[in-house]
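*Asks:* The residues making up each chain are set out below.
Number of protein chains: 2
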Amino acid sequence: MKETPESPLKTPRTKLRRMPSRGSHERAAVEAILDEALVCHAGLIDDGLPVVVPTLHARVGATLYLHGSAASRALRESGGAEICLTATLLDGLVLARAALHHSANYRSAIVFGRASLVAEEGEKLAALEALVEKIVPGRWADARRPTERELRATAVLRLPLEEASAKVREGGPADEQEDMDLPVWAGVVPMRTVAAPPEPDEQLAPGVEVPEYVDALVGEFA
Amino acid sequence: MKETPESPLKTPRTKLRRMPSRGSHERAAVEAILDEALVCHAGLIDDGLPVVVPTLHARVGATLYLHGSAASRALRESGGAEICLTATLLDGLVLARAALHHSANYRSAIVFGRASLVAEEGEKLAALEALVEKIVPGRWADARRPTERELRATAVLRLPLEEASAKVREGGPADEQEDMDLPVWAGVVPMRTVAAPPEPDEQLAPGVEVPEYVDALVGEFA
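Protein chains in written order, with my numbering: chain A, 1 to 222; chain B, 1 to 222.
If we strip away everything but chain A, and leave its shape as in the complex, we get (with noise of 0.2 Å):
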């Protein structure tokens, strides 16, 4: 990926030892990348032992939000840790000619920093409204706001976004030039995280239609 001279977002944690030429310190890569992902994954160290959890994200700017609960217990004890938080895109299966030659296409994001609890209320409420608005745009302004007592009840992480990389694998396989006449299909499979229409909760009031910002994930994620 081409980089232009100024890389803030490399530091010596984050520089690339394996295939740099897959990988990128562009702010825009980087954040293309967390804003697509709805899932990532955040490691943090535990008892001197690494654990890593599945988790919510949402940026606001060049802050990365976290719901708390999952990833806090380290970081209750301590009033903030070192993490790292991956976020992956799986975009296709490649099959080589060659069995040692099959991989994966991906876009990943890897971002370290020091995680910190959120405690002004302000703040909060913001990384509140970029979660919701992260799982499904447009939801924020139809939900039921957070009371001060819930909001003061619910901790909320923040990771500054300020040492990170991306890596993307894209393209067909890279077999050996003298497997390539062999009689053996090789190519990708594109892979695609889509929507399936809404399955709406047994309790809905009367009336309550389906909203237009969730008939538009139907089939998205393209």
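Don't read these hints as lab results, they were simulated from the structure. Just so you know, not all the hints are guaranteed correct.
Treat identical chains as interchangeable: a pair holds within one or across any two.
[Said to hold, decoys possible] Think about it this way: if two alpha-carbon atoms lie no more than 16 Å apart in a straight line, the pair counts; the simulated EDC-like pairs of lysine to aspartate or glutamate are: (1) LYS134 / GLU31; (2) LYS10 / GLU26; (3) LYS15 / ASP47; (4) LYS10 / GLU162; (5) LYS15 / ASP46; (6) LYS15 / GLU162; (7) LYS10 / GLU31.
Let chain A serve as the given structure and place chain B on it in line with the hints.
*Replies:* Below, chain B alone, put in the same frame as chain A:
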């Protein structure tokens, strides 16, 4: 999730501290999630900091195998390292009446253990077969097998499936009773990972047709 009296995957480390009712230590539950997930996230400690990398995995009985390239830097140096392997399947977006109850339906498996490099050639070959068959069942029989030289140059990691847990969120939104009559649509948008029609490699040998096991993927992963 129901649990039989003996759950050998349960250890102090895999005790479910948050929402234990959503969790299980049943081997069958953990294995089903690992087998269905095409990508996992492996977390390890590198220079005292957590690192999470996406990678492909495959299971052979009670052992998980990973392509060694991605996570192996720290491993190569140490001859083995504690890792946490997490695989997550996103099943749906959960839209609640209240903003704070928005969530996702998912199934995730978390495996803890010491990963080590596979040295023995027979085990390495069996692991590679499992990894190729995981990408596309039926593929190993067609693909060109690794040479001895290729095999020696390939790093494969072994992780015993001995300490693990599964976590599942399913069903509709968990709104408060007093919110039930709000005129807000609530329900679940099911999410699926599907395969699109295969894209043949440009340099395919003449007369090579798309194999049945590739055609069988399209629209699958439902």
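*Asks:* Against this structure, judge whether each hint is valid.
*Replies:* Evaluated hints:
Taking the closest pair of Cα atoms, LYS134 and GLU31 come within 16 Å of each other only inside a single copy of the chain (13 Å); across copies the shortest separation is 30 Å, beyond that limit. For the homomeric pair LYS10 and GLU26, the shortest alpha-carbon distance inside one copy (8 Å) is at most 16 Å, but the shortest distance between copies (42 Å) is not. In this assembly of identical chains, the alpha carbons of LYS15 and ASP47 lie at most 16 Å apart only when taken from different copies (14 Å versus 27 Å within one copy). Proximity of LYS10 to GLU162 under the C-alpha cut-off of 16 Å is restricted to the intra-copy arrangement: shortest distance 8 Å within a copy versus 37 Å between copies.
Taking CA atoms no more than 16 Å apart as the test, LYS15 paired with ASP46 passes between copies only; the shortest distance there is 13 Å, against 25 Å inside one copy. Taking the shortest Cα distances, LYS15 and GLU162 sit within 16 Å of each other inside one copy (13 Å), while across copies they are farther apart (34 Å). For a Cα distance limit of 16 Å, the shortest separation of LYS10 from GLU31 inside one copy, 14 Å, qualifies, whereas the shortest one across copies, 38 Å, does not.
Of the numbered hints stated above, none is contradicted by the structure.
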